[in-house]
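Turn these sequences into a full structure, and let the hints guide you.
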Amino acid sequence: MSTAKFLSLVFGVLIAFSVLAYVWRPVAGPADKVPLVWVSDNNPARAAQIKAFNEENPPLNLTLDYGNSGLQKIILQCASGVGPDIFDYSSEDIETYVAAGVLMDVTDAANKNGFSAKTDLWPSGLNTITLNGRQYGYPCNIGANILIYNKNVFDYFGVPYPEGILTWDQFLELAQKVSTIANPQPGKRPVFGATGVGWRPIFESRHGEYFGEKGDLQILNSQDLKIAFEMHKDYLFKYRIIASSVETKTMGSQGGWGGGNLNQFASGRFAMVLTGHWSLIAFNQAYKQSVDNLRARGINPDEVTDPFERPLRIGAVLIPKFPDLPPNYRLNARVAGINSKSPRREEALAFLQYLAGPTYSRLLNEGTDWLPGNPKYSELGVEPGPESLNRVALQNTTKEAVSYGYSMRVSPYLLTSDVSRVIAAQVSRLESNPDISVESLLQSADTELKKLIRRNLDRNLELKKQYIQTLGEAAYQQLP
Amino acid sequence: MTSPATLRRNTYIALLFLLPNLLGFLVFTFGPIIISLAGSFTTWSLRPSVALRFIGIQNYTDLFSDPNFYFYLYNTLYMLLGLPIGIAGSLGLAVFLSQKLDLKNPLAGKRIALVAAIFSAVVSGFLFFIGMGSTAFLFFALGMITAAGIYFGSIGYRTFFYLPNFTAGAGTILLWMQLYNPNFGLINQTIDAFNQLTGLSITQPGWLTSTKSLLGFLPFPDFFNNGGFGLGAREAIMIMGIWASIGGNNMILYLAGISNIPPELYEASDIDGANAWQRFRYITFPQLAPTTFFIVVMGIIGGLQGGFEQARLMTEGGPAGVTTTLSYYIYVQGFERLDLGYGAAVAWVLFIIIMGVTLINWHYGKNSSGE
Amino acid sequence: MELRTLLKHIGLICIAIAMTLPFLWMLGSSIKPHSEIEELSLVPRNPQPENYGIVLRQSPDPYTGKYLDLNFPKWYFNSVFIATWVTVLQVLTSSMAAYAFARLQWPGRDKVFLLYLGTMMIPGIVTMLPNYQIMVQLGLVNTYQGLIIPTAFSAFGTFMLRQFMLGIPRSFDEAAEIDGANHLQTFLEVILPMAKPGIIALSILTFLGNFQSFFWPLVMVKDDAMRTLPIGLLSFQGQYGQQTELIMAATVMNVVPLIFLFIAMQKQLISGIQLGGVKG
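Chains as they are written, first to last, in the numbering used here: chain Z, 22 to 501; chain V, 698 to 1068; chain A, 465 to 744.
Note that these hints are calculated values from the structure, not bench results.
Please note: incorrect hints may appear among the correct ones.
Said to hold, decoys possible - When the alpha-carbon atoms are kept at most 20 Å apart in a straight line, the in silico SDA-like pairs for lysine to any residue are as follows: (1) Z/Lys485 / V/Ser746; (2) Z/Lys94 / A/Thr607; (3) A/Lys538 / A/Asn606; (4) A/Lys731 / V/Val792; (5) A/Lys575 / V/Leu1056; (6) A/Lys538 / Z/Lys485; (7) Z/Lys362 / A/Val600; (8) Z/Lys486 / Z/Ala496; (9) Z/Lys362 / A/Leu602; (10) A/Lys538 / A/Gln676; (11) Z/Lys472 / V/Asn765; (12) A/Lys472 / V/Gly786; (13) Z/Lys471 / Z/Ala495; (14) Z/Lys26 / A/Ser667; (15) A/Lys538 / Z/Ala37; (16) A/Lys472 / V/Ser956; (17) V/Lys797 / A/Leu470; (18) A/Lys472 / V/Gly806; (19) A/Lys686 / Z/Arg365; (20) A/Lys538 / Z/Leu41; (21) Z/Lys254 / Z/Pro222; (22) A/Lys660 / Z/Phe32; (23) Z/Lys198 / Z/Gly336; (24) A/Lys575 / V/Ile1049; (25) A/Lys472 / V/Leu804; (26) A/Lys731 / A/Leu672; (27) A/Lys660 / Z/Leu28; (28) Z/Lys139 / Z/Tyr427; (29) Z/Lys259 / Z/Thr201; (30) A/Lys731 / V/Leu804.
Given below as structure tokens:
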């Protein structure tokens, strides 16, 4: 076959292919409705939540797009004008999104339509969706972490369940009793005391802040951070009640709804976990699975005596505190924001209104996905569920934690995500080398962050002026 | 000699042939490169609040005065340590595969293969029946591989060696993450079992959780987060990389090179009574010098640019920044900090480094291979 | 003699097992039920071959009772479609450019060639963002054209085919010239058929490389219907967990056809790489 004929054959095939590609296009939604795209995760309850929204808003057609999320992608897409209409973001990242200019300021609409941060939100959660007095979305869910304990593991070690609120010293004692890694006992399975514990919850229980009121960095001399690091170090190396963060991450990749360490907790590798009660989504599945397995083997789940064969039984208390300080918990939220460049952003406001309403709150509670943003409806749809999972107690403990909640201060000169990243790198250093002193870690973090501040200021002259005005010329000169 | 008219006509024709490629090249490769070079001298950022301003070499001075840059540069160069092992491995496999593998009696070979296949099928079926599923599967695979190897000879083995090349991606990375788990992963559990069996106590390496490295005994400054001597995250990634590439394109290039060596050279050495090692050292290896040179140059170019996917999916650059290579650093600066000008500056410094190393290699290689 | 050969075989078999073991593990994991995915066993106790059905949307997920919302068959089609187009375009433009570099004399030829080579040393991430902006301006984000066009030009392909063409004896060109052929005819009827091993090798390498490309589709693709396979696999990881067994099943389906392709084209691919590489 001559080359020319071969080439024509190839192009023929390509054209046929292209026709196929054209025909196999996704079907566009109903033409009379305004399509809205929501980028979120594949939480099993989403389908019902979207259906209810569409029923309440006939002119709109909301669809879910999961698998497209990720801070970098969303920002890049929105900035280029090809982003979704609504997307979820973690409240910790609000500054990055606002700095990139992709979040719509919804303050005025919120005040008029019942999803205002001031009146229709948990009071301690104000800063999860507002920045410098402007509101940038509404939470899909919100809450604070609590301490969940595995009753089966406690029974295995014969230790009574914790009650009320512990101090960190009491927690340490308890964790050592329920851990064979900390406290090797011949013939017993390997169990870690706790997961989800580390410098962060300790720091937050002291109402820790990265920035002072004027936006200045407060890492170097932070008592709170120092204490948190020291305790983290001891918990990991001296008392061995926790696993290092990298180790937890490699366990976390081993499949399972809710990340590996929740599954590990459910199967008894950890005695306690510090997490939000949205983890019930994973625990429900683990529970159902073990009950089904037992039934399939002809065993009645209620008659099992071996603690590790029994289906999951859990309880919850508040996260520990320091004896001389009141309890403090940082609020976190998964916030739905509107793409400021979307041509349908006005219509998308209806979704935020929906999130603050009773229908959504009920569906959220039925899906045990933390707390709804609107405290008025926090009890709708809370069903007891299987007794051993103690769902109502978990809900109430979380509400109590939220009442002690706070949000961290932000600074115009440095993104909180930069601080988190640098501190996490220092913690990582600590975990791999117990001989490093905490002071030197704080010093390194401080130097690196001050460098970033200087870089930000040198690139943004307005910001530099503001810095010098508020904090003084000397402070600027001291930046490395 | 070509007349000016012919030369001009040639140029027009050349341009016509070249045009589609050249156009694409200018728009999608060369153009963006110039844009990013220009951008590295400005405040180019994804934040609308930062106005685009020309700031000269400030990005570059910032990056050279940041100690972390040198740390990441060290990480990038460290990853090249795996290159000699990978290349030597590919060479070894190629030499191994070029040996005479046919049995004197080809029919005997086919019969052995058939027997192996049937035997393994029967035994694994039996094992499966009595409930030892994993062992059965393993035995079955063993049998099939043996049969395929003996039957097809070196072509069959080549296919098996090329397999890791295909399965690169999310699946392989997940797999290796599980293997490397310090408490529950297969590698450390094997070491543990070995210890219990022989009574030795070899330490179980921390792999992805450890900042130790094989060069960890050298005195490094503090911010290098050196954990001392041992097998850590960097080694974990290098081993995974070697596994993935040892049977790949390099091995095939070497196979080609070996098949081009004139047999008379070997016959001459046989007359002189050379043994296998001497044959390799004085004939095979020198004859393969051009191939080795090509592989080394491409390997360095690729290696200096790499480490991105592993860092992103396996370790997020940790622990303590130990697996952050320059490409991952560029990604974080550009996409997580939205600071594109700075990211572009780092990328250009990386390019200069790659170019420099390649030129040195070229010069050195030209001299030593006697061109 | 025989013993030595058998020992060599045994050595090779051991190495082959080491190479294949992870892939075997992947096969085994792809039919594991969710609860067994953390175990290190090669083979599940309660195999669940429905995993393949779940990925292909033929059976529902046993835990949620729902069908998967992801369009795995479409992803497969997208990957194959895009890779085919890119391969054809790349081979075409590269061979034409290679002819210009190898056979024609024109001023600045070698300097331009060095420029091509130099661009191969640029980290890919450098060109990615400006390319993305260009696509945005042209409105080609999240389209097939946007995924195909920027990757359809390759300096590497030009380089490789140029080496090939340099190795084709000029006598063929001269014979064609005597017969009165112009450059286009020489190119089509003489050079291209002679460079076939190189072209086949380049096609296979380009196809494989594009099939598994990750970074560019990651940035360009928005809708589920436009995803390619590597990007689609990411969707199995949600905030609420990761269904590793489905990822494994999808990866196996991704890889097996490539393996068959490799086995079928082994001879041409290898002779192509050999001829192209050694002269480089």
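Outcome of the hint check:
With a C-alpha separation of about 13 Å, the suggested pairing of Z/Lys485 with V/Ser746 holds against the 20 Å cut-off. Our distance criterion of 20 Å between C-alpha atoms is met by Z/Lys94 and A/Thr607, whose separation comes to about 17 Å. In summary, the hint linking A/Lys538 to A/Asn606 is supported, as the alpha carbons are separated by about 14 Å, within the 20 Å threshold. Simply put, A/Lys731 and V/Val792 have alpha-carbon atoms about 19 Å apart, close enough for the 20 Å limit, and the pair holds.
The straight-line distance between the Cα atoms of A/Lys575 and V/Leu1056 is roughly 16 Å, inside the 20 Å bound, and the hint therefore holds. Among the hinted pairs, A/Lys538 with Z/Lys485 is inconsistent with the structure: their alpha-carbon atoms are about 51 Å apart, more than 20 Å. For a cut-off of 20 Å, the pair hint linking Z/Lys362 to A/Val600 stands: about 14 Å separates their Cα positions. About 12 Å separates the Cα atoms of Z/Lys486 and Z/Ala496, which keeps this hinted pair within 20 Å; it holds.
For the given pair, Z/Lys362 sits about 18 Å from A/Leu602 by alpha-carbon distance, which is consistent with the 20 Å threshold. Taking the CA atoms of A/Lys538 and A/Gln676, the gap is about 16 Å. The hint holds against a cut of 20 Å. Of the pairs offered as hints, the one joining Z/Lys472 and V/Asn765 holds, with about 11 Å between alpha carbons and a cut-off of 20 Å not exceeded. Distance hint between A/Lys472 and V/Gly786 is fulfilled; the C-alpha atoms sit about 16 Å from each other, no more than 20 Å.
As the CA atoms of Z/Lys471 and Z/Ala495 are separated by approximately 14 Å, the hinted pair is consistent with the 20 Å bound. For the hint linking Z/Lys26 to A/Ser667, the alpha-carbon distance of about 18 Å falls within 20 Å, and the restraint holds. For the given pair, A/Lys538 sits about 16 Å from Z/Ala37 by alpha-carbon distance, which is consistent with the 20 Å threshold. Straight-line distance between C-alpha atoms of A/Lys472 and V/Ser956 comes to about 19 Å, which keeps the hinted pair within the 20 Å bound.
A threshold of 20 Å between alpha carbons decides the hint, and for V/Lys797 with A/Leu470 the separation of about 11 Å falls inside it, so the pair holds. For the proposed pair A/Lys472 and V/Gly806, the alpha carbon gap of about 14 Å is at most 20 Å, so the pair holds. Restraint check for A/Lys686 and Z/Arg365: satisfied, since their Cα atoms lie roughly 17 Å apart, inside the 20 Å limit. For the proposed pair A/Lys538 and Z/Leu41, the alpha carbon gap of about 11 Å is at most 20 Å, so the pair holds.
Simply put, Z/Lys254 and Z/Pro222 have alpha-carbon atoms about 14 Å apart, close enough for the 20 Å limit, and the pair holds. Annotation: proposed proximity of A/Lys660 to Z/Phe32 holds, straight-line Cα distance about 18 Å (limit 20 Å). Distance check on the hinted pair: Z/Lys198 and Z/Gly336 sit about 17 Å apart at the alpha-carbon level, within 20 Å; holds. Restraint check: the Cα-Cα separation between A/Lys575 and V/Ile1049 comes to about 19 Å, which is no more than 20 Å; the hinted pair holds.
Between the alpha carbons of A/Lys472 and V/Leu804 the distance comes to roughly 18 Å, so the proposed pair stays at or under 20 Å and holds. Distance restraint check for A/Lys731 and A/Leu672: the Cα-Cα separation of roughly 16 Å lies within the 20 Å cut-off, and the hinted pair is therefore satisfied. Using a Cα cut-off of 20 Å, the hinted pair A/Lys660 and Z/Leu28 holds, with the two alpha carbons roughly 13 Å apart. With a C-alpha separation of about 15 Å, the suggested pairing of Z/Lys139 with Z/Tyr427 holds against the 20 Å cut-off.
With a C-alpha separation of about 14 Å, the suggested pairing of Z/Lys259 with Z/Thr201 holds against the 20 Å cut-off. Of the supplied pair hints, the one linking A/Lys731 and V/Leu804 is violated, its CA atoms being roughly 24 Å apart against a limit of 20 Å.
Hint violations for this structure: numbers 6 and 30, all remaining hints satisfied.
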